[in-house]
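**Student:** Counting along the sequence shown from 1, when you hit position 99 you're at 99 in full-length UniProt numbering, and nothing is skipped either side.
Incorrect hints may have been included.
Mimicking BS3-like on lysine-lysine, the simulated pairs with C-alpha atoms at most 30 Å apart in a straight line are [to be verified]:
#	residue 1	residue 2
1	Lys-141	Lys-174
2	Lys-152	Lys-49
3	Lys-49	Lys-190
4	Lys-190	Lys-180
5	Lys-180	Lys-167
6	Lys-95	Lys-180
7	Lys-141	Lys-95
8	Lys-167	Lys-141
9	Lys-190	Lys-167
10	Lys-152	Lys-180
11	Lys-190	Lys-152
12	Lys-180	Lys-141
13	Lys-174	Lys-190
14	Lys-49	Lys-95
Simulated from the structure, these hints should not be mistaken for lab results.
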Amino acid sequence: MAFLLHQARFFTTVNHLRDLPATARPEVAFAGRSNAGKSTAINLLCNQKRLAFASKTPGRTQHINYFSVGPADEPAGYLVDLPGYGYAEVPAAAKAHWEQLLSLYLQTRAQLSGLILMMDARRPLTDLDRRMIEWFAPTGKPIHALLTKCDKLTRQESLLALRTTNKAFDEYSKQGYEGKLSAQLFSALKRVGLDEAHAVIESWIVPREAVGETDTQAE
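Can you build the whole structure from these sequences, using the hints too?
**Tutor:** What follows is the structure in structure tokens.
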């Protein structure tokens, strides 16, 4: 099966909002606590080993990294790797800069079509994870959570983590959050949840109605 994400390549790195690329294509952002497995997941989803830099030192990803997906001459969209958050040893000034960068990007970027929120299945929905959701909530755009490292849990524990996350998401919906909130189990090591994650991300980059229009035109 061919996936759009398998046609991914590095595009640019940004450290200030003023430097965000003037692209019109949809963007899918990846956010998560430092060491939640974000870079590893991006590499696996794109079927590449070192597309996103997976540092052994949490907090090393300090910029917004863009990867184009689809044909090189006319990308279908972009994956956006946001700085990891929540690592205590990051200097306060750097932490404040990242926090402002993250919140403003999530709240104001018109091209952003959805947020992939990476949460360690053993510790989902920390206070910082909830802050990310609450920053993004006013946009009305969808959030899909990948509960990473589920291979470190038993099947029963994994299902409990998923149920707990979905229950919390239901509460956000009751509070008036208009965007769709969804979650799934994910393991880069065991390749759990790959197809489901691909389907969600690619539907945000190339909506089904657009695919239907293309098929109709081809006929």
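**Student:** It remains to establish, for every hint, whether it holds in the given structure.
**Tutor:** Hints, verified against the model:
1. For a cut-off of 30 Å, the pair hint linking Lys-141 to Lys-174 stands: about 16 Å separates their Cα positions.
2. The straight-line distance between the Cα atoms of Lys-152 and Lys-49 is roughly 22 Å, inside the 30 Å bound, and the hint therefore holds.
3. Simply put, Lys-49 and Lys-190 have alpha-carbon atoms about 15 Å apart, close enough for the 30 Å limit, and the pair holds.
4. For the hint pairing Lys-190 with Lys-180, the CA-to-CA distance comes to about 27 Å; that is within 30 Å, so the pair holds.
5. About 13 Å separates the Cα atoms of Lys-180 and Lys-167, which keeps this hinted pair within 30 Å; it holds.
6. At most 30 Å may separate the alpha-carbon atoms for a hinted pair to count; Lys-95 and Lys-180 meet this at roughly 29 Å.
7. With a C-alpha separation of about 25 Å, the suggested pairing of Lys-141 with Lys-95 holds against the 30 Å cut-off.
8. The suggested pairing of Lys-167 with Lys-141 holds, with an alpha-carbon distance near 19 Å, which does not exceed 30 Å.
9. Distance restraint check for Lys-190 and Lys-167: the Cα-Cα separation of roughly 26 Å lies within the 30 Å cut-off, and the hinted pair is therefore satisfied.
10. Using a Cα cut-off of 30 Å, the hinted pair Lys-152 and Lys-180 holds, with the two alpha carbons roughly 28 Å apart.
11. Pair hint Lys-190 plus Lys-152 holds up; C-alpha atoms about 10 Å apart against a cutoff of 30 Å.
12. Pair hint Lys-180 plus Lys-141 holds up; C-alpha atoms about 7 Å apart against a cutoff of 30 Å.
13. Of the pairs offered as hints, the one joining Lys-174 and Lys-190 is violated, with about 34 Å between alpha carbons and a cut-off of 30 Å exceeded.
14. Our distance criterion of 30 Å between C-alpha atoms is met by Lys-49 and Lys-95, whose separation comes to about 28 Å.
Violated hints amount to a single one, hint 13; each of the other numbered hints is respected by the structure.
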